[in-house]
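Colleague: We have chain A already, so just place chain B on it with the hints.
Chains as they are written, first to last, in the numbering used here: chain A, 6 to 314; chain B, 18 to 99.
Calculated pairs, DSBU-like style, for lysine-lysine (alpha carbon to alpha carbon, straight line, at most 35 Å):
#: 1; chain 1: A; residue 1: K237; chain 2: A; residue 2: K198
#: 2; chain 1: A; residue 1: K61; chain 2: A; residue 2: K270
#: 3; chain 1: A; residue 1: K61; chain 2: A; residue 2: K296
#: 4; chain 1: A; residue 1: K44; chain 2: A; residue 2: K249
#: 5; chain 1: A; residue 1: K200; chain 2: B; residue 2: K82
#: 6; chain 1: A; residue 1: K249; chain 2: A; residue 2: K296
#: 7; chain 1: A; residue 1: K237; chain 2: A; residue 2: K309
#: 8; chain 1: A; residue 1: K309; chain 2: A; residue 2: K61
#: 9; chain 1: A; residue 1: K198; chain 2: A; residue 2: K186
#: 10; chain 1: A; residue 1: K28; chain 2: A; residue 2: K112
#: 11; chain 1: B; residue 1: K82; chain 2: A; residue 2: K198
#: 12; chain 1: A; residue 1: K44; chain 2: A; residue 2: K61
#: 13; chain 1: A; residue 1: K61; chain 2: A; residue 2: K77
#: 14; chain 1: A; residue 1: K112; chain 2: A; residue 2: K77
#: 15; chain 1: A; residue 1: K186; chain 2: A; residue 2: K249
#: 16; chain 1: B; residue 1: K82; chain 2: A; residue 2: K77
#: 17; chain 1: A; residue 1: K186; chain 2: B; residue 2: K31
#: 18; chain 1: A; residue 1: K249; chain 2: B; residue 2: K82
#: 19; chain 1: B; residue 1: K82; chain 2: B; residue 2: K31
#: 20; chain 1: A; residue 1: K249; chain 2: A; residue 2: K61
#: 21; chain 1: A; residue 1: K186; chain 2: A; residue 2: K200
#: 22; chain 1: A; residue 1: K270; chain 2: B; residue 2: K82
#: 23; chain 1: A; residue 1: K249; chain 2: A; residue 2: K200
#: 24; chain 1: B; residue 1: K82; chain 2: A; residue 2: K186
#: 25; chain 1: A; residue 1: K303; chain 2: A; residue 2: K249
#: 26; chain 1: A; residue 1: K249; chain 2: A; residue 2: K198
#: 27; chain 1: A; residue 1: K237; chain 2: B; residue 2: K82
#: 28; chain 1: A; residue 1: K186; chain 2: A; residue 2: K237
#: 29; chain 1: B; residue 1: K31; chain 2: A; residue 2: K237
#: 30; chain 1: A; residue 1: K77; chain 2: B; residue 2: K31
#: 31; chain 1: B; residue 1: K31; chain 2: A; residue 2: K270
#: 32; chain 1: A; residue 1: K296; chain 2: A; residue 2: K44
#: 33; chain 1: A; residue 1: K61; chain 2: A; residue 2: K186
Covered by chain B, per the in silico footprint, the following chain A stretches (three or more residues, Cβ under 8 Å):
#: 34; segment: 82-95
#: 35; segment: 227-234
Hints listed in this document are in silico derivations from the structure and should not be mistaken for laboratory results.
Given the structure is predicted, the values throughout are model-derived calculations rather than measurements.
Built from N, CA and C at the ideal position, the CB exists for glycine as well.
This is what each chain is made of:
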Amino acid sequence: MCDHLTDITESYNLYRNQLLDAKLLIGSGVQGVYGLSGKFEDIIESFEQYVTRVGKELSPEVIRFPPIFNRKTYLATDHIETMPDLMGSVHSFDGDDKAHLNLLRKKHDGDDWTTELTPSEVMMVPAACYPLYPTAANTILPDNGRLVDLRTFVFRHEPSPDPARMQIFRQREFVRLGTPKQALEHRNYWLDKGKEMLESVGLDIISEVANDPFFGRGGRVMSATQQEQELKFELVTAIASDEKLTAVSSSNCHLDHFGSEFNIKTNDGNFAHTSCIGFGLERITLALLKKHGFEITKWPSSVKGILNL
Amino acid sequence: MVIDNIGKIRALLKANGRLSIDVATLANDSDLYQAGLTSLATVGLMLSLEDGFDVEFPDSMLSRKTFGSIDSIADAIEELQE
Chain A
6 MCDHLTDITE
16 SYNLYRNQLL
26 DAKLLIGSGV
36 QGVYGLSGKF
46 EDIIESFEQY
56 VTRVGKELSP
66 EVIRFPPIFN
76 RKTYLATDHI
86 ETMPDLMGSV
96 HSFDGDDKAH
106 LNLLRKKHDG
116 DDWTTELTPS
126 EVMMVPAACY
136 PLYPTAANTI
146 LPDNGRLVDL
156 RTFVFRHEPS
166 PDPARMQIFR
176 QREFVRLGTP
186 KQALEHRNYW
196 LDKGKEMLES
206 VGLDIISEVA
216 NDPFFGRGGR
226 VMSATQQEQE
236 LKFELVTAIA
246 SDEKLTAVSS
256 SNCHLDHFGS
266 EFNIKTNDGN
276 FAHTSCIGFG
286 LERITLALLK
296 KHGFEITKWP
306 SSVKGILNL
Chain B
18 MVIDNIGKIR
28 ALLKANGRLS
38 IDVATLANDS
48 DLYQAGLTSL
58 ATVGLMLSLE
68 DGFDVEFPDS
78 MLSRKTFGSI
88 DSIADAIEEL
98 QE
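The shape of chain A in the complex, shown without the other chains:
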């Protein structure tokens, strides 16, 4: 077991160092936080345009939220109950001159200066769909429900040597709000479509039932429940490690969790069900670089053709 873990860590370190050496990633001194090169960004943009082309067939509403959102919305999502260890809370300085001096004194002395900060009105967004739900609060959905195309940077505090486990990364999501049937159909449609798209660019993809990384022992119950109900699926592929595959896309059925929390209803008077598919754009790029190599010009022409690279 220990050897196995060592092997995986070595795989992470090896691929991360290759990416850093090739200047595809630019280190920040913090695990999981990187600058990205122009070449890396080109791949992200080209894959995202591919997603846009495929998504357009369904005529989604397009909304872009920033990577911070209302603290009150955060508290309404149960994230603090279920994944408190991943949250990012934005704090700032709100004191007077005297408090400022205290702050600087603590900084100068190497003490904990963050005790002088106060929480701001915003939190980091943990999933691209979270900022959407309050905008639909207290509404009755049209008969066809709503389909929304979202993309934002999301934050998860999970420092790791795995280059694919970034603390901040882009999620491109399609969220469906509607009846239970509409939400489930959306999830199933995108599971197939997502797999087809990722395979079309040469990735070996496995679809598997998954669970969110719920916190603590209580989280074990929630994970087991999520697995038993098959609410979350991931599309996984090899990135740094061939043994421990990495999710590059995931789809969640939330049932009426957000519908009831934000009082979003269908016209039969029931709380709306929601589901989402998310593409992890940095991870997909890392998987493509791993699979096809760091020289885009040498990638298979079929892949370059699909991505317009």
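Modeller: Leaving out everything else, chain B in the frame of chain A:
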């Protein structure tokens, strides 16, 4: 012993289960998930059962099935108390 446990389980369920219906109207074999027990409320219920009965659920019991009815919870508690 088991009957005592059931009374206590019902009290803990009422306090922590956040059910959509009154616990008193439930039979011991009623489906608690049908009665509105969410997965998040299950966590609160589990922790309160551990406190109340001074037991610790092993990982193998941390499943949806264990908390599916008052009977199934009682069976799990009894097994842990043996």
